[in-house]
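Chemist: Sequence:
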Amino acid sequence: MLGSVITENPVNSGSLVLLFLAGVSVATKQNLITDLVRIWGSFCRSIGTFISTVEHLLRGADAIDRAYRKSNGNLFQMPTPGRTHHMVTSPEHLEDLNKAPLDVLSLHAVAKDFLRPKDTMHGFEWKDVRGVEGTGFVRALRTILTGQLPELLPSLAQVVDKQVSAEIGSHRVDADGSIVPLYDMCKRLVTKVNCTVFFGPKMAENAEFFEAAYKFPHDSAYAAEFIRLLPQGIGSFVARCFTGNFKSSATLHRLLSAEVRKRLDARDGGRFEGEQQNDGLQWLIDTAPKKENWGVDRLVGEVMGVWYGSVHTLSIAVTFALLDLYSRPEYVAPLRSEVLGTSLAAFTDAKNLPFLDSFLSESARLSAFESTGVRRQALRTFTFRDGHSISRGDWICVPHRSMMRDNDYFADALTFDGARFMRDTGRSGRETYMADASSKWMIWGVGRILCPGRFYATLVLKLVLARFLVDYDCEVVSFRGSRSMQWRSTIVPKQNIKLRARKADSDSL
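Per the working numbering, residue 251 is the first one in the sequence shown, and the count goes up by one each step.
Treat the hints with caution; some may be incorrect.
[To be verified] Between beta-carbon pairs, the in silico distance windows are:
(1) Arg-389 / Ser-688: 20 to 28 Å
(2) Leu-480 / Leu-514: 36 to 44 Å
(3) Ile-484 / Ser-405: 45 to 53 Å
(4) Thr-592 / Phe-487: 31 to 39 Å
(5) Arg-730 / Leu-514: 51 to 59 Å
(6) Ile-484 / Met-672: 49 to 57 Å
(7) Phe-492 / Lys-512: 31 to 39 Å
Think of the hints as simulated: they come from the structure by calculation, not from any bench.
Using N, Cα and C, we set each Cβ at its ideal position, and we do this for glycine too.
Put together the whole structure using the sequences plus the hints.
Modeler: Next comes the structure, spelled out in structure tokens:
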């Protein structure tokens with residue numbers, strides 16, 4: 251009734267509202283104009299914040315890049331749903347960030363907020379702070395896995411070869427070759443390779459386990475977004491509907507629990523089937539803190555957390571690398587020549603494949619799938635040396651995608667140059683190779699906390715591109731629009747992009 255009265259008599263209704271406000275102002279001895287200006291200003295600020303927040307969800311990478319350009323190297327803030335992100339780029343801020351105690355600025359809290367493991371990982375509870383108990387997992391990936399790469403190389407190459415052949419052979423064939431959905435193929439390829447390394451060939455060939463391992467990162471990412479954005483209860487309900495009651499998570503947890511329990515029983519009883527397993531799961535079990543006496547659920551939860559990151563990020567990197575390669579066919583012949591002239595055993599040393607390493611570095615630079623890195627959540631108020639304060643719950647991030655597209659760091663930064671890192675331009679942005687890390691090359695992190703699996707990830711990228719270069723002639727099928735979509739600060743390849751692949755002609759080899 252009130253709505254119809256206002257609609258039918260807008261002038262009279264507006265006058266009554268103004269009279270009411272005037273009466274309130276007089277009654278409280280306030281100036282009406284001042285009140286209206288204050289209310290209007292507050293309203294406009296709220297609308298502005300809302301628009302910025304929505305923009306961050308839908309076009310976060312672009313919004314960060316625009317703000318970076320305007321910042322002139324100064325710290326700037328990005329409003330996001332639920333918290334503010336403080337973007338830092340200066341050496342002083344990075345030094346403060348690196349020196350901050352882990353119980354003040356936490357990477358683990360960022361991952362916990364991002365993944366919502368209690369819901370997406372079968373009830374697993376993560377702490378906000380990763381303490382000494384987590385060093386074994388870092389050691390398993392950084393030291394044990396990296397040290398065994400030469401030994402693993404032949405089997406990795408074989409798995410890549412077999413899976414690429416299977417993926418290309420399983421899709422529609424026309425007169426010019428197989429039409430393969432690029433992103434989906436890369437996700438399945440990375441899942442198969444990682445399954446073999448993490449869980450051994452037997453589990454990698456288990457169809458039920460493979461499908462759960464393949465779907466889990468995708469399901470978890472979407473479920474976590476529903477839970478984070480929607481009201482409590484509603485978000486969990488929608489997430490359950492979308493993921494089939496977290497089917498992939500439940501299946502992965504069930505099968506991993508059985509395998510971990512079997513291995514723990516064998517270890518405690520001194521019984522092993524043949525030789526002791528030599529895979530990522532066994533390394534994680536062996537490096538778990540002895541004093542903590544972790545049970546099956548804790549071990550499986552930690553493994554699922556590592557699994558998410560290992561598949562999600564590497565799949566996107568492989569997709570963009572192949573897309574960059576076949577969008578620029580002039581690079582195919584020289585890269586193919588370098589690969590054909592290099593033995594498989596030499597793949598673990600970047601110096602033996604300088605052009606391929608440079609090409610992958612350039613792909614990572616211009617096709618970075620995450621706009622921000624070195625993310626930390628403030629567990630309590632943190633103040634930089636210049637006095638800028640970070641409130642509890644806010645994040646500190648480095649807008650490294652924008653930095654890598656900045657002419658101050660890279661000459662002619664927006665131009666793709668596959669040989670950029672083979673030359674000493676004086677502004678190459680780093681000193682050596684793809685897997686290295688520094689304050690100028692932060693795709694792996696910076697300072698004390700670096701990606702422990704970066705050498706493995708780089709090797710897989712090289713093996714995949716090498717397999718395509720040697721065995722196939724490919725081209726990107728024409729598509730409309732952009733090649734990627736944005737969500738928050740992430741840039742993800744579109745599902746509709748396809749690759750046409752056929753066996754390489756002998757004349758091209």
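Chemist: Could you run down the list of hints and mark each one as holding or not?
Modeler: Verification of the hints:
Distance hint for Arg-389 and Ser-688: a CB-CB separation of about 22 Å, consistent with the stated range 20 to 28 Å. In this structure the supplied range 36 to 44 Å holds for Leu-480 paired with Leu-514, their Cβ-Cβ distance being about 38 Å. Against the hinted window of 45 to 53 Å, the Cβ-Cβ separation of Ile-484 and Ser-405 comes to about 46 Å, which satisfies the hint. Taken as a hint, the range 31 to 39 Å is violated for the pair Thr-592 and Phe-487, whose Cβ atoms sit roughly 53 Å apart.
In this structure the hint that Arg-730 and Leu-514 lie 51 to 59 Å apart at CB holds, the actual value being about 53 Å. At about 53 Å, the CB distance of Ile-484 to Met-672 agrees with the hint of 49 to 57 Å. Between Phe-492 and Lys-512 the C-beta distance comes to about 32 Å, which sits within the given range of 31 to 39 Å.
In terms of the numbered hints stated before, the structure departs from hint 4 and from no other.
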